[in-house]
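Participant: Chains L and G supply the protein sequences, listed in that same order. For the first sequence, this note's numbering gives the first residue as 4, with consecutive numbering after it. For the second sequence, this note's numbering gives the first residue as -1, with consecutive numbering after it.
A portion of the hints provided could be inaccurate.
[Claimed, not checked] Label-pair ranges, simulated between beta-carbon atoms:
no., chain 1, residue 1, chain 2, residue 2, range
1, L, 321, G, 272, 34 to 44 angstroms
2, L, 326, G, 260, 58 to 68 angstroms
3, L, 327, G, 272, 44 to 54 angstroms
Hint data in this document are derived by calculation from the structure and do not stem from the laboratory. Don't be surprised by glycine CBs; every beta carbon is placed ideally from N, CA and C.
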Amino acid sequence: MTSPSENGPLAETEVFRRGERWTPLEYGFWACVVVAGLTLPGYSLLLSQALIMGVFAIALDLLIGFAGVTSLGHAAFFGMGGYTAGLLSVHGFREPLMDLIASACVAGATGFVCSLFIMRLRGIVVVIVTLIIGLVVYEFANQAQSITGGETGLEGIDYAPILGLFEFDIYGRVALWYSAAVALLAYLLLRHVVATPFGLSLKGLRENIERLPALGISPQRRLMAAFALSAGVAGLAGALLVETTQFVSLEVVSFDRAAAGLIIVALGGAGTLIGPMVGAVVFIVGRDYISAIDPLYWYFWLGLLLSGSVFAAPAFKAIRAALASRAHSRRAVS
Amino acid sequence: MIATIVSLGFDGIAFGVVLYLITCGLSITMGLMNLPNMAHASFAMFGGYFTLELMRVGDVPFLLALPITFIAGLIAGAVMERLFFSLLYQESELNQVLFTIGIVFMAIGAATFFWGTWQQPLKMPPYLSGEIEIGRVTISVYRAFIIVVGGLVVAAMIVAIDGTLWGAKIRAAVDNRRMTASCGVNVAMLFTTAFSIGTGLAALGGALSMNLVGIDPFFPLKYLVYTLIVVVVGGLGSIKGALAASLLLGIGDIFVKYYYPVAGSFFIYVLAAALLIARPQGLFGRPA
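Just chain G, same shape as in the assembly (with noise of 0.2 angstroms):
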């Protein structure tokens, strides 16, 4: 009984931080553009896609593939946010949630058109396969590996946003984009380089969850509604309210999709609508 709980929880935490690192950029986006990007999952789903395609046909191993892809998601991100993402700042809401929708589409589109509707699996390296029992709690060492990257991707974007230069930046910005504006912080730049990390990021998500969730073309409108929820819940523009609301996600979906599967992922949708309901800035977010 214990142990099951133990390594369900460890199994949410797991799925939490991969949520967390899909959804990250979007409470960025959302905080600092007040931009509504449907289509942040889709840079997940081309993510894992991206790794699949390096271990594949390029043959580069696993380990290293997970920062390719990051750094292919940073360069993608600043181009696409360059191009298409900022022209969209001044449009209406409607606009800017039908841009982003079309993009989900076209994306599943194209990922039907490349990698076919079914799942395709990662052949893990065997020092991440298999499992660990630490007394009678067995845990899965790609899980283990997964949160230790997802909590050095915490540190690191807690460091950032806390402690450096460019992270005073993004708060004032999200406090008051004007105001930042007229103290001389370029913002249009500020813009471009919190899309390209936040691309970068989900990248690195998308391509770590290949393997626990599984991604097929199909996978942004599945995650759309979670990574929306996460954001939300946790107060737009907040890391760390994402964070809270990532880690509450993930273990809350395990454990429900365990113990009630009938409940499905009702539970979370009404639990979301009603924290949404009673604190409409999210949990860690300020009334505006």
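Just chain L, same shape as in the assembly (with noise of 0.2 angstroms):
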């Protein structure tokens, strides 16, 4: 890294730039979405949900990767999205675009709430009760049966054309196309956030957070706002997800979606936001495909894939030292 002053003040605003430059796999992951969009008419709901899956990574990605806080409680987070638009519906608001903004800022509301107690905690603390919240928020969608529907779900859900042209088929086609639409929107909001100074103080907090108030940046303040706008985009995702499937039910809220977010996360590529919403595909794609194969099973598949992803670097560095010292100690004795 250059200091500024060597390079004058073009270079600090180069940093910026390249930030804000797209790259080959972008472009590419964005094209095959179109490409499979048209060509892959049967595929619709999965590519839907997929893309789903991948605003909520980077939600968690922006936490994650950036601002260096694992949250295993997102699952609130994309549920109260989901139940905001589904209670919307059902109570009569049925305009889908006002229904995504109203939700995406309830579950933004909650995370700012939220953010007030985890702001001055570190590290396990931080995901001990970011699981919590999202085992309160677990159990009161559970209890409250007369406003969310329990396990069986909200009934009724229905909604208007999309800017009263576009009206959801069975097919899923419009749904795909708007699911696109979203998460584009999402992915260049979050891009262009991590690119600016805001988004480069968030790695400060990754990075050393004695520092940053030297640099006259509340650490406080920027993990407030970085929660706050990560529980809106997981909302986003989470109304999203039940606008287009028309159903809502606890599974928006389980831990089991959590754990799925963290594990596109780093499956993907912590820090990278391109890297999960490959990740989100391939997970999506991988779980239809192996859950048709053997639905009872998943759950060990998943868990290898997942300890043997994080185990292979650590394993490959322990058997290559141990070779290196062995063959050090030989040819010692030689």
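Make the complex out of the two chains shown on their own, each in a separate frame, by following the hints.
Facilitator: Here is the structure:
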């Protein structure tokens, strides 16, 4: 990293401009989405779900990959968005875009309230408090059956045509393009955010939280802003899922979903945004495939994939170190 | 009224003791190795299934099956620590969480494969089933047995941590791992023994909880949050803190579920979150 004083003020803006430039992978991914949407009509619902999971994953990535905060309870915000969208529709507000925005705002506001508690915590306690937040929301959705419908879910969710023009069809064609458009917008938003000075300060949060105040940045406030934004985007994803499937049940707030988000971020590559997006598609399609062959033991294969992928790097390192030391000692003997 | 409260309190203590057995190993793992082991409750689940198989296939009496399960847990813990967990200590928190959640999922899948999704009851020997009446209070013999076994383990743990050289090393390493290592203590060995004992106790706790809370393949996920709450509320690496938190959680859970079943687990979660926000280092932990 060169310091700005050596290269003049231009270099400073260069950092941001580089962040804004699209990579071939990003062009490729979105091009593939369009091509797949046009050529594989049978997979519209699956692809739409994958993109929604991608939006959820990039919301998590903002926290994990940039701010360095591991949240195990993000399904709470996803579910907040989902239930808000469902309830709005059941109570007669059937305009998809307005519902989407309202749901994201509700989830973001919830995230903001939660961030008030989380901002002072560090490390493992954050993981556990976020896990508890997720469980509290789950328990609430489970118990408040008169509002949420409990295990059976909400009935009678229905939406007006998008912008008054495109009506949701049973093949999920409109749902797919709607999901893709919203996912792209969410992606562009977060992509822009991480490339701004604000985004850089989030990296500062991850790298060296003690030094941030010396730059005149309040780590607590940045963390709160990041958490609220991430919760809002997660809520957007939840609302999108409910609008495109016209169904909401406890699954949206489940621990499985929160864990799936983490898995996708980790597999796709934390701190890259496009990685989790690609990861979400791979994950959802893979899940569809495996659970079709072996629905009962999907958990096992998921666990194996997860542990194996994390374990591979240190295991290789240990094996290499062991081989190196053996080779070394053999050389020392001869 | 009083009789109800006393017998609920008794149930709560029994549940708290089982929670303590399952989690005290995790408290050491998290305090000593900084490893948030999400999979700790799955050790308890396998302990329960192991006892089940011992009694069903091997026809081993329950009282003999318990120590065998404990020893099997010790061995399994030591092997797992050397093979897998020791490689994770240097990894990032996210990777540790992911790896151990992966183990939870694999445990669920494996348990479903071998034992099915329903709860398997243990057939208790006659001298451990039934109830005794003291005045107007009815007490289940099995719960009394759990409390006795748990009390012995608690006493043994406190003596081991406070009164032995091994315990002194553990306490030193929780406080300052690098300094302890530079005093010539083999910290890696210490980690293995601590992990092994923790796994053994979890297996024992799982065996005892078979007939108390019941064990099914989703046990690791259901009790994941209980174990984590006990550990962080008690204070990382604090054996007495874990005991206090287990009893608090056990008794609180039984009472809330009896008097306000609708509140369910809410109360516990909210209480735990509030405690953590007020005292992030836990009840018995020292401020970082």
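Participant: Which numbered hints are broken by the structure, listed smallest first?
Facilitator: none
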